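The listed protein sequences correspond, in order, to chains X and L.
For what it's worth, the working numbering labels the leading residue of the first sequence as 1, then goes sequentially.
For what it's worth, the working numbering labels the leading residue of the second sequence as 1001, then goes sequentially.
Keep in mind that a hint or two might mislead.
[Stated by the list, open to error] Covered stretches of chain X, as calculated for chain L (at least 3 residues, CB under 8 Å):
hint	region
1	62-72
2	77-83
3	99-106
[What the hints assert, rightly or not] If you only want the chain X side, here are some residues facing chain L, beta carbon under 7 Å, derived:
hint	residue
4	Gln22
5	Met25
6	Ser57
7	Lys142
8	Ala145
[Claimed, not checked] Here are the simulated SDA-like cross-link-like pairs (lysine to any residue), alpha carbons at most 25 Å apart as the crow flies:
hint	chain 1	residue 1	chain 2	residue 2
9	X	Lys127	L	Ala1067
10	L	Lys1060	X	Glu73
11	X	Lys58	X	Lys127
12	X	Lys142	X	Val154
13	L	Lys1035	X	Glu92
14	L	Lys1088	X	Val101
15	X	Lys131	X	Glu92
16	X	Lys96	X	Lys142
17	X	Lys71	L	Glu1068
18	X	Lys58	L	Leu1058
19	L	Lys1060	X	Pro147
20	X	Lys99	L	Ser1056
21	L	Lys1060	X	Ala120
22	X	Lys91	X	Asn81
23	X	Lys127	L	Pro1034
24	X	Lys125	L	Tyr1062
25	X	Lys96	L	Pro1110
26	X	Lys146	L	Tyr1066
Derived by calculation from the structure, the hints in this document are not laboratory data.
Note that this is a predicted model, so its numbers are computed, not measured.
All C-beta atoms in this analysis are idealised placements derived from N, C-alpha and C, irrespective of residue type, glycine included.
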Amino acid sequence: MNLMLQKKPTNRNPFADLLDIQREMNSLFDVSLHRWGSRDEGLLESAWAPAIDIHDSKDNLVVKAELPGLKKEDIDVSVQNGTLVIKGEKKEETEKREKGVIRTERFYGSFHRAISLPTAVDESKVKAAYKNGVLELTLPKKEEAKPKQIKVNVD
Amino acid sequence: MLTQNPESPVLFPPVDIFETEHEVVLEAEMAGVPKEGAQLAIEGDELTITGNTAESDLPKEYTPLYAERRPRQYRRVFVLGAEVQKDKIRAHYENGLLRINLPKAEKPQPKKIAIE
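Working from the sequences, and respecting the hints, build out all of it.
Okay, structure coming up:
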């Protein structure tokens, strides 16, 4: 059977072709480096790990993790002893693929990412939101971890 | 041709394409793209999907400590086969996943002619 969908043949401009190749290579590195290059756990622990960002403010740490196409209930977040663990499983819905698969580029299976937090956070007040395929965690800092201004009086 | 902004590179979203009895289904992962940023266009037999990731919605007091994610654009073009009913294509975007349902045209049944 013919493929019903295929990648568009590149246009005849050779420079555009080169740019396309470059873009493909970039996206390949983009996917592979952050998924395997910066893992905290051994290779056998899980098949992939989401890319993350950490942002810092006076009162909070915000961690964002890229988890497209998941269900909220398939994501598990825990904080213990200063380590944040994001794990879960992306399930492949194989029963819908009754007539065959044309292309599979998405990752499936379990994921796991452990992050040592740079400051002490209040583990009981961590908030999580999942929007547009991005998990956003707000971790309030403990009082003693917040920056304090110390006034020095010079005589 | 696409203009490439070094600040926000154009990437191919990873896709799965599979067939069911009556449809071809395309699923594209575009994490960080808000619903209004995901777009689908059909021109002739070309299906183009695009998405721009949202700007950071964090207040200014936040400073980045560590960053693996970056702003980016997604863009990918597919050629539709003649079997796809273009006027019946449906798309749904949820949780960073764009799902496009492409209904297949019914194959004309062979007409049986009775021999007299």
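Checked hints:
no.	hint	verdict
1	62-72	holds (count 8)
2	77-83	violated (count 0)
3	99-106	holds (count 8)
4	Gln22	9 Å, violated
5	Met25	11 Å, violated
6	Ser57	5 Å, holds
7	Lys142	17 Å, violated
8	Ala145	14 Å, violated
9	X/Lys127 - L/Ala1067	20 Å, holds
10	L/Lys1060 - X/Glu73	31 Å, violated
11	X/Lys58 - X/Lys127	17 Å, holds
12	X/Lys142 - X/Val154	31 Å, violated
13	L/Lys1035 - X/Glu92	23 Å, holds
14	L/Lys1088 - X/Val101	21 Å, holds
15	X/Lys131 - X/Glu92	20 Å, holds
16	X/Lys96 - X/Lys142	47 Å, violated
17	X/Lys71 - L/Glu1068	23 Å, holds
18	X/Lys58 - L/Leu1058	13 Å, holds
19	L/Lys1060 - X/Pro147	17 Å, holds
20	X/Lys99 - L/Ser1056	41 Å, violated
21	L/Lys1060 - X/Ala120	22 Å, holds
22	X/Lys91 - X/Asn81	30 Å, violated
23	X/Lys127 - L/Pro1034	21 Å, holds
24	X/Lys125 - L/Tyr1062	19 Å, holds
25	X/Lys96 - L/Pro1110	28 Å, violated
26	X/Lys146 - L/Tyr1066	19 Å, holds
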